[in-house]
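Enquirer: These protein sequence lines are chains E and P, in that order. The first sequence begins at 0 in numbering that gives the first Met the number 0 and counts up by one. The second sequence begins at 0 in numbering that gives the first Met the number 0 and counts up by one.
Keep in mind that a hint or two might mislead.
To be verified - Coverage of chain P stretches by chain E, computed from C-beta distances (three or more under 8 Å per stretch; other residues unrestricted):
1) 249 to 262
2) 297 to 304
3) 591 to 600
4) 623 to 631
5) 1044 to 1056
Said to hold, decoys possible - Chain E is nowhere near these chain P residues, computed Cβ spacing over 12 Å in every case:
6) P193
7) S330
8) N332
9) N412
10) D620
11) E635
12) D639
13) N647
14) R729
15) K845
16) I847
17) S959
18) V1003
19) L1068
20) K1072
Hints were generated in silico from the structure; no laboratory data involved. Each residue gets a CB set at the ideal place from its N, CA and C atoms; glycine is no exception.
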Amino acid sequence: MRAEYPASIRIVRVPCTGKVDIVFILKTLESGVDGIYIVGCEEGNCHFMVGNIRARKRIVKAKKILETIGLEPERIEMFNLSAGDGVKFVNIAKEMTERILKLGPSSIPRNAVIMEDIEEAI
Amino acid sequence: MMIDVIINGKKIKAEEGLTILQVAIKSGITIPTLCYHPVLEAQGACRLCTVKIVQGKRDRFVTSCNFPITDGLEVFTETGDVMMARKTIIELLLARCPDVEILRGLAEKYGIKEPRFKIGNDRCILCGLCVRVCEERIGRSAITMIDRGMDMKVGTPFKIHADACIACGACISVCPTDAIKIEDITGRRPMPIPSEFNEGLNSRHPIYLPYPQAVPNTPAIDRNYCVYLNSGQCKMCQDVCEAGAIDYTQVDEVVEIEVGSIILAPGFDTFDPKMKSEFGYGNIQNVITSLEFERILSASGPFSGEIMRPSDKKHPRKVAWIQCVGSRDISCNRDYCSSVCCMYATKEAVIAKEHDGNIEPTIFFMDIRAFGKGFDTYYERAISQYGVRYVRSMVSGLYERPANRNVIVAYINEEGKKTEEEFDMVVLSVGIGPSKKGIDLCGRLGIELNRHNFCKTTTFEPLTTSREGIFLSGSFQTPKDIPETVTQGSGAAAYAGSIISSARGELIEEQSYPDEKDTSAEEVRIGVFVCHCGINIAGVVDVKAVRDYAKTLPGVAYADNCLYTCSQDNQKKMIGLIEEHNLNRVVTAACSPRTHEPLFRETIREAGLNKYLYEMANIRDQCSWVHMNEKGKATEKAKDLVRMAVANARLLAPLQEITLEVNHSALVIGGGNAGMTAALKLGDMGYDVTLIEKESELGGNLRHVFYTIHGDDVQAYLEDLIRKTESHPRVTVIKNAEIDNVEGYKGNFTTSLIVGAGLRSVKIEHGIAIVATGADEARPAEYLYGENSSVLTQMELEKMIMGDVTAVKAMKEIVMIQCVGSRNEERPYCSRICCSHAVKNALKLKEINPAMKIYVLYRDIRTYGLYEEYYTKAREKGVIFIRYDLSEKPVVSMKDGRLTVSAADPVLKTRFDFRPDLLILSSAVIPKENEIMAGLLKINRSEDNFYLEAHMKLRPVDFSTEGVFVAGMAHLPKLIEETISQSAAAAARAAIILSKDKLVAESVIARVNPELCAVCLTCVRACPFGVPVINEESTAEINPVLCQGCGTCVSECPGKAIVLQHYRDEQILAKSKNSIGVN
């Protein structure tokens, strides 16, 4: 359908949202990204049975961590979406972009970790 | 000849004869245009593409669209004076046409607030595209520029309707400002082509993609509407397609294929509601069919999922569904039930409510037939959670209220009163019938149809047509829903496969590859291929800038552009480049891995690289397609995606696929109808089968069934089935067998049995298992069952009829109670078979003694599909059906020493007292004690304790535990013919594994590092498939063959002892951290 959505979003493909670790979210925020959202299958329709439900629980946990360290928990969110629902995808992209614009840049400076550092860290 | 031009200081090589604009487009330089079209003669009419050229010492402004390049020509497209000139042009155009959106957009971009010139009110900018397309492409010259000077406009000769116009609409399609009014040109009206996919709710082009999921996913030309194929003119698509994919010479071909068996699956057509004129379909705009509503609900539908009514595109509040339109209706020759409408209407009502909370759905129905798995719970939830209102009624007609286009539903309510209610929109739940194409096909093939024109089949051969070697599946047999259809599809495959099993595998060709290079010691050398995809990507993203950027990234040894990366010649080129540059990782910045990853993996494998050393950046779907109006941002994003892909590519590791031997024999658990049918089908397909039965004889429930509703002799069938099973050379039957233990996994199971009174221990090795353990008729706990000998279950009645027919004949009055132990709090599910069971026995009793009074107390009669005719027949024979509500169940007592049944009739608001000779209870079908088996085989059960399939709709006979399948009543109560279809389906699904010499395990799997494992069991609990186990060395172990690769265990493991190959944590982190640039 090629519906336009804000160009501020970069997609990282994972096999299942069940693979999304809290560490990914925190480390990615650490590199200066202003917001992250996880998009999984509709609940009850996970290709891997329960991955999205586990992911949702982790997002709740990650939000608490953000709160503890003084970062707005709204910077991260979990959404559920069926693969055929492009309209909802666009709405989510717009909603998150608006939300992050309202929050402004994250208090973690952009590029706190540069590419070379990442490789060393690995 | 190639010559040099310099655009904005950059030297570009280009073919002589091109215009400046053409060179700029090819080089990704944007010059705004309004009157340019790639396949029409350039005219320089709008002047917007003005650029500055320098020839020698002189510079001047020219229109780039029609100025040919010369060697050494210097061009400036965005200098201050060029921008100034363009600004004035836009200002002039905007003054003439102040309301044209495209001009307003340009004005904003060039900083024009209000034009300084006199404001007009035209829409036409006199670009002449319409005139050119009509003359050059359509060859009609129906329109031209008429009048002169200030009065010049687009019009027809003599300003009258042009005979030459064919109303093709080409002028409308090229007009940049929507200025063309076809009624000014011709009296003919262009007819929109209704979109078949969207049920005609919107229109489509003559060249179109039939639907978003079409396979192959390429557009097709509709020969009925293509201007070229009808008039020899146009050919615009051919010139515009850079891939040269348009071929007008293609014609239908007759292809002959030699086959050993055929499966018919011609499907259904929905009922045409125009045949029931009382519903006003076609006259009342806000009366639509359920399929149309389905499209309205769909995100890819005509209104993008927004619920609007057709007449005024307003959001409806009150929406009604009328059930049984073209079903259960003798007046239109469709005296059968369409089986699916009750549930789809309920689903549509629920989804409508989810999309728009203001909607108040009402469903007008006769009986709710929620007989499938989990359907009754869904129906109850629709009422309690979504507030769907169900009105038991007979709808007599629909009328339109002209003032507000609302629809009035006139109906007779349960009290028999005529009632009217107004709705914003009405959905007709149209029934389904055999497809016309299927009927024609069967005519040609000489295949017998039944009186409804569905394919004629029998109870015991539900998938076999009247012609040998031809089988069928799906709704062309009887109306059925998705799970039933999928099941029959697999079942038909078992039939078709078994008669040609001796030829299996003959047509397989094995692909050979060069040896894989060991790149482990090499430094990372990544090749990046940035795709233009014609203009799909290059039209928006500056692909050359992306390529140049890729060259700067660490690890990249080579980067270049490709016009079409996926084209065959480019694949060859890539293989050469991989070798030439010693590349050991490949990244394509192109389209989606969903469609193209397998192709590119194959390509690099052909170049000797491990196929996992490949990564994709999707700069088409994620950049050019979705940010087409933000070219700069799209290019920046494309660079980011390439950086992310390259970061991941640096970390890619070669992966080896694990192969595993397969045991080609099967274990079937349960010797009833399901088990024997599955075993025979597997045996016929050439696999050895062990069939185990707990009891001392085969047959299961079928031993207690004597006749079917159609009058078939069940015992004769059973005898034959047992004989065939016991004498089949590939089937071994073990009776009196209990399973003690199951070890192993798909392809290699070992099951220990305890057999016979001597408790002999037997070990069986098998590749798959089919669970066909059946279900039981419940012993009722109410209605004096067990206390009074005149209270029997349906199965007991059947036995009595077969045993003592004279006693039965003497009976004067029999009462049957439906839903005994079903659809209540304890067992919320519908037992599915009891309605037809009761009707079957009632008809049998009427046959024995036509004077016998038979009363059936029911909640909803669920004689779905073609069983409906027997319900009709029963009423014709005088069987009386009386409804009761769950809140007021019949009361059974002993009065004056006689059995008394007292029932409250909610329709007549009165109580009936019966003194029957027999009270027959249609008792629930209940699952066996399935806990132990579920534990042994690691298979799931539903809340009702029946076995739970991997996916309710799409994998109805598979368990989520691979290599184990389900058939028969162990899955869900079902009728004999349904059990046979499903058992054949289980055999066909099992054969997919059994037919393989080796199983290849996915490489994207989780692996445990034993050194880090703390044996905390987190992974064991987290895995949705029960794969991780603790091995003898006391660490977690994940069987690579069974792992599904979701990575859930990896994220849960507190010790980070598990790695998901190909998606290692460091890879995902590298990608996500690289999502923002270093600047």
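Enquirer: Would you check whether the claim that P:N412 is not at the interface survives, using Cβ distances to chain E and the 12 Å cut-off?
Expert: holds (36 Å)
Enquirer: How does the coverage statement for the segment 1044 to 1056 of chain P fare against chain E, requiring three or more residues with Cβ below 8 Å from a Cβ of that chain?
Expert: Holds: 7 residues of the segment 1044 to 1056 of chain P have a Cβ under 8 Å from chain E.
Enquirer: Against chain E, does P:S330 keep a CB gap of more than 12 Å to every residue?
Expert: holds (38 Å)
Enquirer: Would the non-interface assignment of P:K1072 survive a Cβ cutoff of 12 Å against chain E?
Expert: For P:K1072, whose nearest Cβ neighbour in chain E is about 4 Å away, the distance does not exceed 12 Å, so it is violated.
Enquirer: Say whether it holds or is violated: P:E635 keeps its Cβ farther than 12 Å from all Cβ of chain E.
Expert: violated (8 Å)
Enquirer: Cut-off 8 Å, C-beta pairs, minimum 3 residues; does the coverage of the segment 591 to 600 of chain P by chain E stand?
Expert: Coverage by chain E is violated for the segment 591 to 600 of chain P (1 residues, Cβ < 8 Å).
Enquirer: Minimum Cβ separation between P:D620 and chain E greater than 12 Å?
Expert: Not fine: 9 Å to the nearest Cβ puts P:D620 too close to chain E.
Enquirer: Does the no-contact call for P:P193 survive, Cβ to all of chain E over 12 Å?
Expert: Given a closest Cβ separation of 19 Å, the condition holds.
Enquirer: Examine each Cβ of chain E, and state whether all of them lie more than 12 Å from the Cβ of P:K845.
Expert: Check passes; 46 Å lies beyond 12 Å.
Enquirer: Does the no-contact call for P:L1068 survive, Cβ to all of chain E over 12 Å?
Expert: violated (6 Å)
Enquirer: Take a quick look at P:D639 and tell me if its Cβ sits farther than 12 Å from every Cβ on chain E, holds or violated.
Expert: violated (6 Å)
Enquirer: Closest CB-CB distance from P:N332 to chain E, is it above 12 Å?
Expert: Non-interface label on P:N332 holds, nearest chain E Cβ at 37 Å vs cutoff 12 Å.
Hints 1, 3, 10, 11, 12, 13, 17, 18, 19, 20 from the earlier list are contradicted by this structure; the remaining hints agree with it.
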